[in-house]
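Number of protein chains: 2
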Amino acid sequence: MSENGIGIVETRSVTFAESPGELVLRSGRTLGPVTLAYETYGELNRDRSNAVLLCHALSGDAHAAGFHEGDKDPGWWDAMIGPGKAFDTDEYFIICSNVIGGCKGSTGPSSLNPATGKPYALDFPVITIGDMVNAQRFLIDHLGIDRLLSVVGGSMGGMQALQWASAYPERLRSAIPIATALKHSPQQIAFDEVVRQSIMADPAWRKGNYYGHGQPKKGLAVARMVGHITFMSDQSMEDKFSRRLKNGIYSYTLADDFEVEGYLRYRGDSFVKRFDANSYLYITKAMDYFDLSGDRFLADRTGIDTRFLVISFQSDWLYPSHQSLEIVKALKKRQIAATYCELKSTWGHDAFLVEVEEETRLIRNFLGNLASSNNLSHSLVCNGGRVESGLWNV
Amino acid sequence: MSENGIGIVETRSVTFAESPGELVLRSGRTLGPVTLAYETYGELNRDRSNAVLLCHALSGDAHAAGFHEGDKDPGWWDAMIGPGKAFDTDEYFIICSNVIGGCKGSTGPSSLNPATGKPYALDFPVITIGDMVNAQRFLIDHLGIDRLLSVVGGSMGGMQALQWASAYPERLRSAIPIATALKHSPQQIAFDEVVRQSIMADPAWRKGNYYGHGQPKKGLAVARMVGHITFMSDQSMEDKFSRRLKNGIYSYTLADDFEVEGYLRYRGDSFVKRFDANSYLYITKAMDYFDLSGDRFLADRTGIDTRFLVISFQSDWLYPSHQSLEIVKALKKRQIAATYCELKSTWGHDAFLVEVEEETRLIRNFLGNLASSNNLSHSLVCNGGRVESGLWNV
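Respectively, the protein sequence lines represent chains A and B. Just so we're aligned, residue 1 is where the first sequence starts under our numbering, counting upward by one. Just so we're aligned, residue 1001 is where the second sequence starts under our numbering, counting upward by one.
In short, the hints are calculated from the structure, not lab data. If you're wondering where the values come from, they're calculated on a predicted model, not measured in any experiment. One thing to keep in mind: the hints can contain errors.
Claimed, not checked - In the DSSO-like style, the derived pairs of lysine-lysine whose C-alpha atoms are separated by at most 27 Å in a straight line are: (1) Lys207(A) x Lys1118(B); (2) Lys207(A) x Lys1332(B); (3) Lys1333(B) x Lys217(A); (4) Lys273(A) x Lys118(A).
Said to hold, decoys possible - Among the chain A residues that face chain B by a calculated CB cut under 8 Å, a handful are: (5) Asn113; (6) Gly117; (7) Asp123; (8) Glu193; (9) Arg196; (10) Gly219; (11) Glu238; (12) Leu245; (13) Ile249; (14) Tyr252; (15) Asp288; (16) Tyr289; (17) Pro320.
To be verified - Between beta-carbon pairs, the in silico distance windows are: (18) Arg1206(B) x Arg334(A): 55 to 65 Å; (19) Lys329(A) x Arg1265(B): 26 to 36 Å; (20) Val1354(B) x Thr15(A): 33 to 43 Å; (21) Lys246(A) x Gly1028(B): 12 to 22 Å; (22) Val1354(B) x Arg244(A): 49 to 59 Å; (23) Arg244(A) x Arg1137(B): 55 to 65 Å.
Where a beta carbon is used, it is the ideal one built from N, C-alpha and C, also for glycine.
Only chain A is shown next, with the shape it has when bound in the complex:
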């Protein structure tokens, strides 16, 4: 076990086979039995009041921290989880579960369809962020937790945090949506549609029935390349690659001359080895359907005491700050406590995974204040955030 880390962990899973294990989906269809893969770090306290649910992004999984036996790399938010870290495992019980529709242990299109004994493929029903959250609620019930201290996530994880707050306000004391939105914009939908079309354009996709034949490698790789461009910023690409050439000179061929091209190809190819193409289709669709704008977000809820910490990043053009401001405005309108911070960063959308120091300071304070008092502290200071909207305490 490393000094600041939580050492070796294992992904567990639970299957909700009996009623209400069958999930009634937003589409009207049902899904069952539903299996959820999850990990936990730290200990649930006696009054079960210290549980924090982390929700992952598009291609994430339940493995947020620590090391799986034999792995070199830790979980996806390891820098934020452990003793003394943002999500301090000496104080909090951290839960992370893989979403339904995914391919990392939870029920998704690559799972066996009990009706046929074969993978669901496109027989898997279209799901929504709401359906993902309803499945997570089963898990929280299963763990015997009545009220979560917080639900936290970046990007699609932030949508889940907003959905939790909207659907089950009595089940959480706070939410921390990071680099996210109340709804996908047409530009976000457009990028997702390109991703889907790229996968479906590959004949190896076989209308979804590629299991046993291998992934639609080329289409999925191109899809992921598009994703990676949107996760970075103009500036972070300049910082990381500029116009550096792989071999120092132009080849005067159609080969990948620039380092940035080689990087994208590498990221595309590695993604094919770790993520199911159909899961990518279903999860992007769920994100596109997500829409808590207008009256859909807490409009009919009075006396909500959920508190919000909303974080965005200046160079994030995929989930730009104006989308986080829309969340804050909706909360203000409903007189719900919200702190908003737009952090300086050149990392683009990736910032939520990278800007550990600033996020740690904000989140440790926010959770600490929640745990110690019923009054929202005004001690949060948004260093580095833009002045005109650095801090909202309403």
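Start from chain A and add chain B according to the hints.
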């Protein structure tokens, strides 16, 4: 002939078969014979001093204005070309030629390779923006024009304008680079690489030898969808589509529910009918290779009297204004006359085709001042541009 239009036009072409008709390329390879397709509008005056060369963007062609016999739609910049328009055909002789590497009448990968009698396909040599401009110089020589009044273009057309000014400063009195850059950034290269990978991922591409078999439809369509997202802005997509649904309700299938998805699919599919996939590969590569940064741009040229009008658009994130400012800074450093205007627009990169009124005002004044005087007039006013850099007259 319509009131303000130039009526029916035809694309002509000229082939430079004899020496120096063989073009020595930047790569060291040669290309020949070289055919250039071009159109002209208006009349060359007696002292041959009123010629303006328009350079087209990535998927453009020589047909900039007027109507081809039987066509419903005019050329790509028709709103800017004609009597009383920005490029006033009562005053100027306008030339527009299709670039080499293209597929609209100039020599490109779909042309017959004289060595084999079959289409070049990937035997076509990799070309640069410099090579395109060298081919255009043949045409300008052929037309008997010693000095162009101006070379003008948006996007890749602007690169050609910059290249003309850099390679042949004595051959032009002015240049108007619009929504362009001195070099492609890694983000721009990255989008181009996705485009190329998408085409090459399609088995119907057949390593470039698809002629006679049909285009790599799916790969080319996805490539163009990516392009269209980058040509628009977050705001223009919101204005045009918002989250409107094609059929009013979510289908809960993987179909295209949103209008923006249908639009992208439509634009992708129509592109396949009008543009050669290999040309897309070669032309994007030429753009990625383009680099007039540092000493490459006019550094060794003293006493240059070329004048520049540099235009960018606020919502253009593909060729953001900071890239136009780099052009202006390079010109200032070399004490070359430059006027810069960043125009307000929500149209993204498409703005250079759409913001006709503002461009007309700027360009008419700029060309008028050039024609009437040797002194750069300070009468240009950049309405709508941002204050801090609205106008530079140096």
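Hints versus structure:
| no. | hint | in the structure |
| --- | --- | --- |
| 1 | Lys207(A) x Lys1118(B) | 36 Å, violated |
| 2 | Lys207(A) x Lys1332(B) | 57 Å, violated |
| 3 | Lys1333(B) x Lys217(A) | 49 Å, violated |
| 4 | Lys273(A) x Lys118(A) | 21 Å, holds |
| 5 | Asn113 | 17 Å, violated |
| 6 | Gly117 | 23 Å, violated |
| 7 | Asp123 | 12 Å, violated |
| 8 | Glu193 | 4 Å, holds |
| 9 | Arg196 | 7 Å, holds |
| 10 | Gly219 | 6 Å, holds |
| 11 | Glu238 | 6 Å, holds |
| 12 | Leu245 | 10 Å, violated |
| 13 | Ile249 | 11 Å, violated |
| 14 | Tyr252 | 4 Å, holds |
| 15 | Asp288 | 7 Å, holds |
| 16 | Tyr289 | 6 Å, holds |
| 17 | Pro320 | 7 Å, holds |
| 18 | Arg1206(B) x Arg334(A): 55 to 65 Å | 58 Å, holds |
| 19 | Lys329(A) x Arg1265(B): 26 to 36 Å | 34 Å, holds |
| 20 | Val1354(B) x Thr15(A): 33 to 43 Å | 55 Å, violated |
| 21 | Lys246(A) x Gly1028(B): 12 to 22 Å | 20 Å, holds |
| 22 | Val1354(B) x Arg244(A): 49 to 59 Å | 35 Å, violated |
| 23 | Arg244(A) x Arg1137(B): 55 to 65 Å | 32 Å, violated |
Hint violations for this structure: numbers 1, 2, 3, 5, 6, 7, 12, 13, 20, 22, 23, all remaining hints satisfied.
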